[in-house]
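Visitor: Numbering (the UniProt record's numbering), first residue to last: 1 to 630.
Among the clues, some could well be false.
Stated by the list, open to error - For lysine-lysine, the following DSS-like pairs were computed, each having C-alpha atoms within a straight-line distance of at most 25 Å:
| # | residue 1 | residue 2 |
| --- | --- | --- |
| 1 | 604 | 573 |
| 2 | 158 | 189 |
| 3 | 33 | 108 |
| 4 | 33 | 11 |
| 5 | 379 | 308 |
| 6 | 573 | 596 |
| 7 | 545 | 533 |
In case anyone wonders, no lab produced these hints; they're calculated from the structure.
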Amino acid sequence: MGYHALYEAWKQDPEGFWLDAAKAIDWVEPPKKALFDRGADMYEWYADAQVNGCYNAVDRHVENGRADQFAIIHDSPITGTKQKITFAELQTRVAKLAGALQAQGVTKGDRVIIYMPMVPEALDAMLACARIGAVHSVVFGGFAANELAVRIDDCTPKAILAASCGLEPGRVVAYKPLLDGAIEMARHKPEVCLILQREQHLCDLTPGRDLDWAEVCDAATPAGCVPVAGNHPAYILYTSGTTGAPKGVVRHTAGHLVALNWTMKNIYNVDPGDVFWAASDVGWVVGHSYICYGPLVHGNTTVVFEGKPIGTPDAGTFWRIIAEHNVRSFFTAPTAIRAVRREDPEGDFIRKYDLSCLRALYLAGERADPDTIIWAQEKLGKPVYDHWWQTETGFTIAGNPAGLEALPVKIGSPTVPMPGYDVQILDEAGQPQKPGALGAIAIRLPLPPGTLPTLWNAEDRFRKSYMTTFPGYYETGDAGMMDEDGYLYIMARTDDVINVAGHRLSTGAMEEVLAGHPDVAECAVVGVGDALKGQAPIGFVCLSKGVNRPHAEIAAECVKRIRDQIGPVAAFKQALVVDRLPKTRSGKILRATMVKIADNQDFKMPATIDDPAILDEIRTALQTIGYAQG
1 MGYHALYEAW KQDPEGFWLD AAKAIDWVEP PKKALFDRGA DMYEWYADAQ VNGCYNAVDR
61 HVENGRADQF AIIHDSPITG TKQKITFAEL QTRVAKLAGA LQAQGVTKGD RVIIYMPMVP
121 EALDAMLACA RIGAVHSVVF GGFAANELAV RIDDCTPKAI LAASCGLEPG RVVAYKPLLD
181 GAIEMARHKP EVCLILQREQ HLCDLTPGRD LDWAEVCDAA TPAGCVPVAG NHPAYILYTS
241 GTTGAPKGVV RHTAGHLVAL NWTMKNIYNV DPGDVFWAAS DVGWVVGHSY ICYGPLVHGN
301 TTVVFEGKPI GTPDAGTFWR IIAEHNVRSF FTAPTAIRAV RREDPEGDFI RKYDLSCLRA
361 LYLAGERADP DTIIWAQEKL GKPVYDHWWQ TETGFTIAGN PAGLEALPVK IGSPTVPMPG
421 YDVQILDEAG QPQKPGALGA IAIRLPLPPG TLPTLWNAED RFRKSYMTTF PGYYETGDAG
481 MMDEDGYLYI MARTDDVINV AGHRLSTGAM EEVLAGHPDV AECAVVGVGD ALKGQAPIGF
541 VCLSKGVNRP HAEIAAECVK RIRDQIGPVA AFKQALVVDR LPKTRSGKIL RATMVKIADN
601 QDFKMPATID DPAILDEIRT ALQTIGYAQG
């Protein structure tokens with residue numbers, strides 16, 4: 001069955017579609033019904049079933065002939081070490097850690113915070129929680145103490161699993177002082193902390209609270225898999241909220257197992273036994289869905305990477321890992337590929353490695369500009385698939401179902417909606433827009449299995465954040481359009497559609513034009529306050545390595561490109577050449593923060609910012625054209 005027939009089959013019988021997909025999961029008690037309507041736009045999937053997430057990710061593969069297959073490949077160019085762990089070995093590790101948690105009184109429904117770097121033990125921790133029905137909440141290792149404290153108070157963990165340190169190029173980040181500071185600040189106090197001592201930095205343990213990870217695992221009695229209801233929370237993942245307070249996205253156990261398993265073949269085109277690599281961090285939703293659960297549930301080998309796209313040691317790291325570990329499908333963020341392209345514009349490093357094993361490159365996390373996609377297509381000689389989803393959804397809203405039917409790529413579009421998602425483009429009154437018209441992207445309820453059913457302890461905020469703007473729809477917060485063929489185009493966050501003298505314009509469209517300049521490696525466009533026009537666009541561009549032309553000349557060419565390709569209506573008059581753009585650790589550009597700097601507004605330092613010093617550089621650049629003067 002091709003894409004269009006399958007999508008239509010889902011539309012005709014959504015419950016039948018997802019009950020059929022559920023047959024690929026091993027159940028303690030299989031679901032008799034798929035969808036449960038809880039009223040007031042609240043839904044749950046497979047609530048009548050009993051299941052265990054860890055059993056599906058680990059034990060069933062050991063029992064069904066994959067015991068000696070590698071489950072995890074850990075590759076750390078920072079430490080120069082590599083480790084391969086079979087499914088049988090992973091089962092032993094996880095069962096022991098789960099037993100250690102049980103010995104400390106952690107039971108089904110208790111919360112556990114995981115504060116870890118990119119090491120195999122981070123996956124052990126997630127799976128150990130799933131094994132005993134504890135609800136995990138992963139917080140980036142090295143996250144600021146006050147941000148960790150906020151999460152401790154919100155989810156009230158009984159235990160915290162942490163490492164002594166994380167490693168960045170050229171530096172060691174000590175986690176223990178941050179953990180201690182967070183617990184001191186938090187009103188809620190965890191009963192126990194298990195600390196993984198890494199040889200790069202050993203830490204002192206706090207008597208009466210901290211235990212040595214290795215010691216307690218060695219002494220533990222292995223734990224079995226505890227059945228949980230299909231609607232039992234698997235995890236809480238905090239995402240930044242517009243109020244500054246993080247939102248705890250909840251993921252129910254059964255739905256995410258079914259949905260993720262379905263995507264591995266249909267979207268990412270991998271078969272059980274293939275090596276799949278998502279170059280992300282366990283602190284992001286990509287790490288949950290496609291480093292830990294998705295690949296392992298499907299019987300794939302997953303790569304855990306401790307490094308950076310460039311500088312560990314060079315712009316060839318991605319390609320070395322793909323060639324060395326026989327990676328079939330590779331998933332990363334556009335910003336990572338832009339960083340590689342900026343360092344290696346001619347693709348010299350790509351040619352050093354045999355990438356014949358690689359079937360396709362998948363991009364998500366932010367808009368993939370056409371220039372980056374074209375560069376990757378040309379240099380890799382492989383399909384490049386942009387796809388679009390969110391922390392809240394947990395898996396692809398719109399993508400190219402390459403394992404089902406590889407649809408023609410339209411550069412600039414993440415392709416088409418996946419089964420489960422009835423995507424609509426709405427105007428401000430909530431009316432559907434014609435093909436080609438810009439509007440708010442919304443999804444008709446109910447959302448499919450694996451998506452958020454609510455926010456942790458914040459049902460009212462859940463409704464207010466996602467359900468009130470367009471009754472009967474989930475509001476994505478993104479703006480875009482759909483063409484005559486049903487291809488979706490994500491143009492900007494709704495907040496990034498700017499109003500210039502009454503004209504609604506997409507900053508994303510302007511960024512596409514700037515990215516097409518031959519000297520521009522990366523760019524961002526933001527709308528700043530303008531007394532006459534309401535808002536005015538300003539472009540920030542980073543240049544490719546080796547470009548040494550006058551910046552004023554390049555800036556003038558950028559302004560001309562916008563005028564020629566979008567028109568005078570954009571009122572685009574300012575382009576600033578900067579060394580770097582402020583980003584989150586996942587690579588999202590902090591456009592809203594840039595606007596506040598330009599407009600002299602107070603702002604809260606984003607918790608996930610990669611390097612706060614970049615904001616000072618942006619402020620200085622803006623001051624040269626008369627902004628950010630306060």
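Visitor: Check each numbered hint against the structure and report the violated ones by number, ascending.
Guide: 1 and 7
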